[in-house]
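**Student:** Listed here are the chains, written in short residue letters.
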Amino acid sequence: MKWDILLNWMTHLGWGSWALYRQAVDELCGDTEEEIETVYRRLRVLLSDMGHADFFENGTMRWRTFQPALMRLSDSNCYIFTGGRTRSITERLIAQCKEYKLPMQIDELPPGLSRISIQGERELLDAVAHNVGITLLHSGAVSLASRVDTVRAQLDSAPVRPSPTNWEERSWSFDLRNWVDGDSESTLHEFNNRHGTRRYLVRTRNGDYKELEKRFAIYAAALLDGVELATFDEQQHLFKVPVWAPLPIDYARAACLSSGNPAQMGNGEITYSEVSGQVAAYLLFALGLNKKTQGLAT
Amino acid sequence: MLAQTCLLSASNQGTVLLNVTPTILAAALVDAGESALSPSEAMDDFMRAVREVYWHRVIGDSRKLATLYSANNADVPFALGFLALSVLAAYDMHTDEERSANAYYPRLADLLGCQMDGSYPAGFDGFTYRALWGELAQWLKEHYNRTLAIPHSAGMYAYLEFPLAHVPFRQIDIEKLPLFFESHGYEPGIPAALDRLAHDLLASVEIFSRAGKKALRDSDRLPFVIRQVAHELEHWDGYREDRSGARVASIELWLDFRRRRAEISMVARRPEGFPTQINDGEFVFVSSQERWYEPVLLDQGDGYHLEYGLRVSSWDEGRNYILNCRAANVIPLTPSDEFSGLISDHALRENTKCAVLCKSSMQDTVRGFLEQVCGRQVIARSDQTLPEGWVLFADVIPKSVIDPPSGLERLRIESSVTLIPQGGLRLKRRWTWLSGAMGRVTIVGTYDASTVRIDGEAAVVGEDGTLPAGPLSTTADHTVDIGNQLRQRISVVEGQVSPDCKPWHAESSRSSNDPLILPRGHWVLVGSRPGQHLYVDASDHGALVRPQFNAVWAIGPSNNTAGAVVHLHDNFERDERSYHPQVELRGNPKHWRGDKLNVRRWAEAIYQSSMRRPKIACTNGCPSEQVLDEWKSLARSAQGVKRQVRKLSR
Numbered sequence: 070m071k072w073d074i075l076l077n078w079m080t081h082l083g084w085g086s087w088a089l090y091r092q093a094v095d096e097l098c099g100d101t102e103e104e105i106e107t108v109y110r111r112l113r114v115l116l117s118d119m120g121h122a123d124f125f126e127n128g129t130m131r132w133r134t135f136q137p138a139l140m141r142l143s144d145s146n147c148y149i150f151t152g153g154r155t156r157s158i159t160e161r162l163i164a165q166c167k168e169y170k171l172p173m174q175i176d177e178l179p180p181g182l183s184r185i186s187i188q189g190e191r192e193l194l195d196a197v198a199h200n201v202g203i204t205l206l207h208s209g210a211v212s213l214a215s216r217v218d219t220v221r222a223q224l225d226s227a228p229v230r231p232s233p234t235n236w237e238e239r240s241w242s243f244d245l246r247n248w249v250d251g252d253s254e255s256t257l258h259e260f261n262n263r264h265g266t267r268r269y270l271v272r273t274r275n276g277d278y279k280e281l282e283k284r285f286a287i288y289a290a291a292l293l294d295g296v297e298l299a300t301f302d303e304q305q306h307l308f309k310v311p312v313w314a315p316l317p318i319d320y321a322r323a324a325c326l327s328s329g330n331p332a333q334m335g336n337g338e339i340t341y342s343e344v345s346g347q348v349a350a351y352l353l354f355a356l357g358l359n360k361k362t363q364g365l366a367t
Numbered sequence: 036m037l038a039q040t041c042l043l044s045a046s047n048q049g050t051v052l053l054n055v056t057p058t059i060l061a062a063a064l065v066d067a068g069e070s071a072l073s074p075s076e077a078m079d080d081f082m083r084a085v086r087e088v089y090w091h092r093v094i095g096d097s098r099k100l101a102t103l104y105s106a107n108n109a110d111v112p113f114a115l116g117f118l119a120l121s122v123l124a125a126y127d128m129h130t131d132e133e134r135s136a137n138a139y140y141p142r143l144a145d146l147l148g149c150q151m152d153g154s155y156p157a158g159f160d161g162f163t164y165r166a167l168w169g170e171l172a173q174w175l176k177e178h179y180n181r182t183l184a185i186p187h188s189a190g191m192y193a194y195l196e197f198p199l200a201h202v203p204f205r206q207i208d209i210e211k212l213p214l215f216f217e218s219h220g221y222e223p224g225i226p227a228a229l230d231r232l233a234h235d236l237l238a239s240v241e242i243f244s245r246a247g248k249k250a251l252r253d254s255d256r257l258p259f260v261i262r263q264v265a266h267e268l269e270h271w272d273g274y275r276e277d278r279s280g281a282r283v284a285s286i287e288l289w290l291d292f293r294r295r296r297a298e299i300s301m302v303a304r305r306p307e308g309f310p311t312q313i314n315d316g317e318f319v320f321v322s323s324q325e326r327w328y329e330p331v332l333l334d335q336g337d338g339y340h341l342e343y344g345l346r347v348s349s350w351d352e353g354r355n356y357i358l359n360c361r362a363a364n365v366i367p368l369t370p371s372d373e374f375s376g377l378i379s380d381h382a383l384r385e386n387t388k389c390a391v392l393c394k395s396s397m398q399d400t401v402r403g404f405l406e407q408v409c410g411r412q413v414i415a416r417s418d419q420t421l422p423e424g425w426v427l428f429a430d431v432i433p434k435s436v437i438d439p440p441s442g443l444e445r446l447r448i449e450s451s452v453t454l455i456p457q458g459g460l461r462l463k464r465r466w467t468w469l470s471g472a473m474g475r476v477t478i479v480g481t482y483d484a485s486t487v488r489i490d491g492e493a494a495v496v497g498e499d500g501t502l503p504a505g506p507l508s509t510t511a512d513h514t515v516d517i518g519n520q521l522r523q524r525i526s527v528v529e530g531q532v533s534p535d536c537k538p539w540h541a542e543s544s545r546s547s548n549d550p551l552i553l554p555r556g557h558w559v560l561v562g563s564r565p566g567q568h569l570y571v572d573a574s575d576h577g578a579l580v581r582p583q584f585n586a587v588w589a590i591g592p593s594n595n596t597a598g599a600v601v602h603l604h605d606n607f608e609r610d611e612r613s614y615h616p617q618v619e620l621r622g623n624p625k626h627w628r629g630d631k632l633n634v635r636r637w638a639e640a641i642y643q644s645s646m647r648r649p650k651i652a653c654t655n656g657c658p659s660e661q662v663l664d665e666w667k668s669l670a671r672s673a674q675g676v677k678r679q680v681r682k683l684s685r
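Respectively, the protein sequence lines represent chains A and B. Quick note, the first sequence lines up with residues 70 to 367 if you use this note's numbering. Quick note, the second sequence lines up with residues 36 to 685 if you use this note's numbering.
Only chain B is shown next, with the shape it has when bound in the complex (with noise of 0.2 Å):
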């Protein structure tokens, strides 16, 4: 999981960094098609799991560390957890910024969970950790081709320069990205070209601590860092803390074709902690999922909010929550892994089925450009359904990588390699199918096509980069690869029971037990054993009623003073066992002691109301001489039981 995701995705020229921060252990659990945890939870989680192999093998062992060496060298190598642990203890050294550089090791023993040992944790052994190194380093050269970023210098911390070098930037310097990401333009999630990103990152060197900075203009570390920051805005979504305590997320457009229509709507990114409902009186998000907010379809009126922005901002628990939409003149639009059609991009994707929607006065400069890009005629739409004042380019598929002229930066062309997945019936992970329905995955950018392979044997790619469907249709976990450049796992698998589905209401094992409906009036509901009575006093609407026991009468109002009773049955158990039961007297009546006054008040509105020769009915409509026997059965019964109370009462 860890490998696939840190070392064999995307690489630096063939280099790559173990380059491990809490956002990417999510994002790589995700990936796996484990369950989705916050960040700082799949650290916690990361972290037990390597505590634990190191406690039984490390801590517990004479040859301590050596016993991460793998016995397998085809295998993943056994201590890259251990490896992965170490770099996330350099990872959080910014608290020690005033500290010395040994500050690393008592951090590295705290998340191992064990003691110091003099200088290092219980059971480290400088030599042993950098011929680990060594192992992982050869094992991706041997089965990957790949280089693993090995530091050049070996000084007085030689052993420290190891996870240094895999972490390009601290979390300090992370925790500033969202603040550079904003003030330069960037879309939450969406890759960014990296050579913007070396330029902005230069550009805003200042803002960053004194590592951030040092690792900034080291020009062998500088590509790293702007990996680890291209992963970082991959994984962020959009959220950030403005400078008055609001908290803001974005708002994207999102772009669907209907019966050839095309539809437009804003869709908001909802971070961790916002409402589920943001509303300004005008525009109302409404969350139903993790991540975004439900899209609003955008109309012939709101040009203007694409035009000048839009902020929709709420209060929800003595907090400010933003919906940030920028404002725009020309807005490229990209397939998207997580929503059909089209998302607004900051750049399009070179031999990419794209579109741009565009202010109508600009229509002219952007065709202009497009044409050049896609080597034909491109025709902008105005459709119905579109903001006033804006035209759509659908079908933009740049075949030719050209800089845009001013006014038209967010047109860039983005060519780095990537596989968009499309259609299908996906499961909670973004790459993960259900069988039987397996939708397509796409490669754009540029890449060679004799270098794809599907689960290691070669693929036949389309002519618009789709792979071939048929050797992922089955269900298994697949891996696409595309030479050194890119590696990816697909999974297809088949339908469970979610442990999410609603449950029905548990039943009752007696039907008995339905609830019975009361008209207006006073009543009260008698069962069969001494005791077993309910007072109801129901309103004009009537009343609702679940006796606790079963209700086999009703004695209450009528139009005359004789009142009336009532026969019940439970429609549903027709069956001849459900009724009548006779009046149980159960036990000896000396022992009724605490139940005596209900066993009283039982006797009693039986008594009462058969004095009163009351209205006699049945709602099953049972012949009137079988109810007045049972009626008169229960009565006499209720008078014996009467004299006994009076007897104890003496």
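Okay, chain A solo, but in the shape it has when bound (with noise of 0.2 Å):
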């Protein structure tokens, strides 16, 4: 399980570069016929996603594996094993389920990396995290989408900046839902150099521009616009966003992990399935869709 390995490789290191996680992934990967930057993209948007590591840690090149840890997937009795892994690890929770006659699930998403997930009570699971040398993460999800910092805060704390010179300029139009070059009147701008460094700012109302992440960015400038991305279906609990504004990276770990799925592309939309009513009603309010939350509107 070529993916498994390279979990393994991330756990044992603890974190590093994009470049070195981008020369593992070649090493893998061998004569693949799809794109390689594709293979780079998915993978760490599933590797982030399901909760195994941290990409772009605080706005650096650098990703960082997550400890391991048995998650709790909401309104259920199913644990789902995130974090980084080990060989000796998984071998040990393997037998400690089957010692504890646990049922345990493994499938594979995407081929090559292990989805395990395990059934039972909180008191059972509590008993194998510990002999195996994990953390239980009993509020799983809820806990995660109720510690995301919020687009208003993340707007508020970024730091002012001049728009750098001599880079490429675009301006995001969310009619157009795209790109288009120059300066225009757009809230969100994106700026390029030659060298594939692309840095995002936001224009407030005082004309300042803010720096922010790529994902945060676009939904800072949602928000300045008055522009709802985000959309939560109360029966069917789909969590949906436009796929050209994924949600920003903790949001969509805690809304994958809320169910323990990865996101689904299709339609022009992400959709994140089976996410609990209160892991959306976090998510929604720290994106500052507050008339969709639910909760305490009376």
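The hints are simulated quantities; they were obtained by calculation from the structure and are not laboratory data. Misleading hints may appear alongside valid ones.
Said to hold, decoys possible - These stretches of chain A come out as covered by chain B in the derived footprint (C-beta under 8 Å, 3 or more residues):
| no. | region |
| --- | --- |
| 1 | 88-95 |
| 2 | 162-172 |
| 3 | 206-213 |
| 4 | 233-243 |
| 5 | 256-266 |
| 6 | 302-315 |
To be verified - Residues of chain A placed beyond 10 Å of chain B at every Cβ, according to the derived structure:
| no. | residue |
| --- | --- |
| 7 | THR80 |
| 8 | LEU82 |
| 9 | ARG111 |
| 10 | GLN136 |
| 11 | GLU177 |
| 12 | GLY189 |
| 13 | ARG221 |
| 14 | ARG246 |
| 15 | ASP250 |
| 16 | GLY251 |
| 17 | ASP252 |
| 18 | THR273 |
| 19 | ARG274 |
| 20 | ASP294 |
| 21 | LEU298 |
| 22 | GLU338 |
Just so you know, even glycine gets a beta-carbon here, dropped at the ideal spot from N, CA and C.
Assembly of the complex is requested from the two constituent chains, each provided in isolation within its own frame, with the hints serving as guidance.
**Tutor:** This is the structure we're talking about:
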């Protein structure tokens, strides 16, 4: 299982650079027919969303592996094995589940990366986690979702920057749902230099440019422009965002770990399925979509 | 570890020095799979270890230094650490330049952490000291057929000559080397041909100290000076300070092939203390690891920077930091032990797959020379991914050592033997791989294939110098020997959880402490115990609140003057245990004392709200009768508490 080996390697290192990650993926990919940049991105999103590693931590080009943990999925007695993993920890976990006669399911998401989920009562899972030496996260995605930085807080704390000179500039149009060349009246601006560095600046109401990470930047611009990008279907528990506005990393992780399923792309949308109402409420609140927030509105 | 790095790796025709410096100690730790320490940390660590042995075995025993003799002559001599520390004392003698040579012994005593006993450190005796050197020499000869450099003469400083013989260059001269490397165009971390180093050192003899000059002019010591300088160069990260006090590090070129297209990036070294980002407006170098900044891809417009050089500088905390890419017309690229693909070098390597990037205007001259050394046709490519005005010769495998013509000096062919690790999943240490993901190890340079052994067994080396994968794939520490020219430890280990893994947020043991989302307005959250309340003034954007108690009701604004109260639920815990506890009137109200104000506020908030007959809602859609009953029960309790508080106040 080549991506299990990758995760094993990332767990042993704890952290590393983006270049190191790419080298490792190159090494394991061999001669793939898939565009290699797509493999990097797809795998990175999956490892991040499923709680295995955090990429671009604090705006750096660094990744950091999470500690191994069993995380409870929302509204169920199912726990998913997330965070880092090594061969020996995985073997110990499987042995413990057999010993406690806990139903365990192992499938692959994507091919080559095992997804391990276990059914059981909290007390038994507590014992398993203790014996294996990993963390048990009983509140799971609820805890993650309630701790995400709100878009408003990110915008308020973002540094004011001058717009870069001699960089190519594009502006985001919510009407066209696309980038347009040059400096339009738009709120969100992307600056590119020749060497592939991109910066995202959001123009605030008083004309300042504030620099944010790309995913936060588009939601900050939407907040300022009064555009609502995320929707939650309470009946079907589907959380949706446009494909051009993926959720900020911590948000996406909370949405995915609510159900243990990765996001699906289709029809121009990214869909997170089986998201609990409480997780959705926290995420919508953090995105600044108060009107859609379940809860205390009277 | 020390024996491996100093005595059993490279040799000068079988002769070796116990040449120890803080840089070498740090490198030895890394090679041995220990943690990466800075040279000064490695020095302190080593000094502490030797001190401990010296105190316990030498000072505390009547036999003194003789206790360091080895019990078994098959093992690495036990005195090796002590001898190495005695060499370090000599290495550090530069501050004693104006003093007599006897100042060596107080310095050794300092390192050993002991007092002087007459002219020598406590426990030291010259006769045994000399014998310990003899024991080391004999062990090297018997087991590895290597000769330890022993001073020829034995004058009045007979004992002192042993450590001095192993310190060709002292610290004062080592510190001048970055300037020497820079002025002669050496590349950081890249081994240099010894004859070139010798030539350049002799041409620059004036920059070194008196002791350094003496060492360079001594034909017996010169080979060792050169080896020491070569070692320093291999561990030099390119850092230097220029005359203005700016800190300067080097930019290398990294060539990688993706989908058969050549991609060239600049990779800048990041010496200790350099900022995480260097941004001059046009170029941005960001670092997310030790030692290197992230690669910056070159495009067609960057030919100018390669030809005329590039300096990217920015200020950080009052200091100027510069990343420097040297101007060049022709750039050899060779395999690197840190990157896949090829890295810019100062020479080509014999029998090794290299590449050459050169200006288009020079391609005919370069092609002519490369065809001569490779013994076959070479083709220049000019992908769209290459900088404009430059061409690339890939698959250059020099088969013969021929001096390059004038102008192509950087295309010298180097033939010294070395190992290049490539591929697989390597761990932080250069020679350690993850079990199940072993890479390839290739021998480059000139060597006798029949002398290659893995774990003591003869190994069949591939035509391209690749070591066989089988013996190296098992989870263990392996040793590769190439005659007495080179010895390298290679480890394959099982993965473990790094302490650097990111911890998850600690979870509250009570899920009821999940935060609450409050819309705009003034709210009071109340718990089931008198005193448990929290006023919240939520802005237009609402508020996310984490009360330190189980909030069971939220009393808040509404569209009408009656206000609203909301029955709170924790959606996560839906079992019957969670909601709603009765009001807990804990303890005797007389003892409320300090809490009285909070208790009164709690009761007032509930009472005043209930008097207005508020609209009642539930976050989880509980039946309205049940919710109403609960609210009324709470209101009655609050009324009772309010009375008690009033009584106590009288």
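**Student:** Run the C-beta distances from ASP294(A) to all of chain B and say if the shortest one exceeds 10 Å.
**Tutor:** Its Cβ never comes within 10 Å of chain B, the nearest being 15 Å, so this holds.
**Student:** Just checking, THR273(A) versus chain B, shortest CB gap more than 10 Å?
**Tutor:** Given a closest Cβ separation of 15 Å, the condition holds.
**Student:** In terms of Cβ atoms, is chain B entirely out of 10 Å range of GLY189(A)?
**Tutor:** holds (16 Å)
**Student:** Just double-check ARG111(A) for me: nearest Cβ-Cβ distance to chain B has to come out over 10 Å.
**Tutor:** Given that every Cβ of chain B is farther than 10 Å from that of ARG111(A), nearest at about 17 Å, it holds.
**Student:** Please settle this one: GLY251(A) was flagged as non-interface, so is its CB more than 10 Å from every CB on chain B?
**Tutor:** The claim holds: GLY251(A) sits with its nearest Cβ about 20 Å from chain B, beyond 10 Å.
**Student:** So ARG221(A) supposedly isn't at the interface. Is its beta-carbon more than 10 Å from every beta-carbon in chain B?
**Tutor:** violated (5 Å)
**Student:** Non-interface claim for ARG274(A): all C-beta distances to chain B beyond 10 Å?
**Tutor:** Consistent with the label, ARG274(A) stays out of reach of chain B, its closest Cβ about 14 Å off (over 10 Å).
**Student:** Does the claim that LEU82(A) lies off the interface hold, with its Cβ farther than 10 Å from every Cβ of chain B?
**Tutor:** violated (6 Å)
**Student:** Confirm or reject: ARG246(A) is not an interface residue toward chain B, with every Cβ-Cβ distance exceeding 10 Å.
**Tutor:** holds (25 Å)
**Student:** Three or more residues of the region 256-266 of chain A near chain B by CB distance under 8 Å?
**Tutor:** Coverage by chain B holds here, the residue count being 5 at a Cβ distance below 8 Å.
**Student:** Are there three or more residues in the region 162-172 of chain A whose C-beta lies within less than 8 Å of some C-beta in chain B?
**Tutor:** violated (count 0)
**Student:** Would the non-interface assignment of THR80(A) survive a Cβ cutoff of 10 Å against chain B?
**Tutor:** With a cut-off of 10 Å, THR80(A) comes too close to chain B, as the shortest Cβ separation is near 6 Å.
When held up to the earlier numbered hints, the structure conflicts with 2, 6, 7, 8, 10, 13 and fits the remainder.
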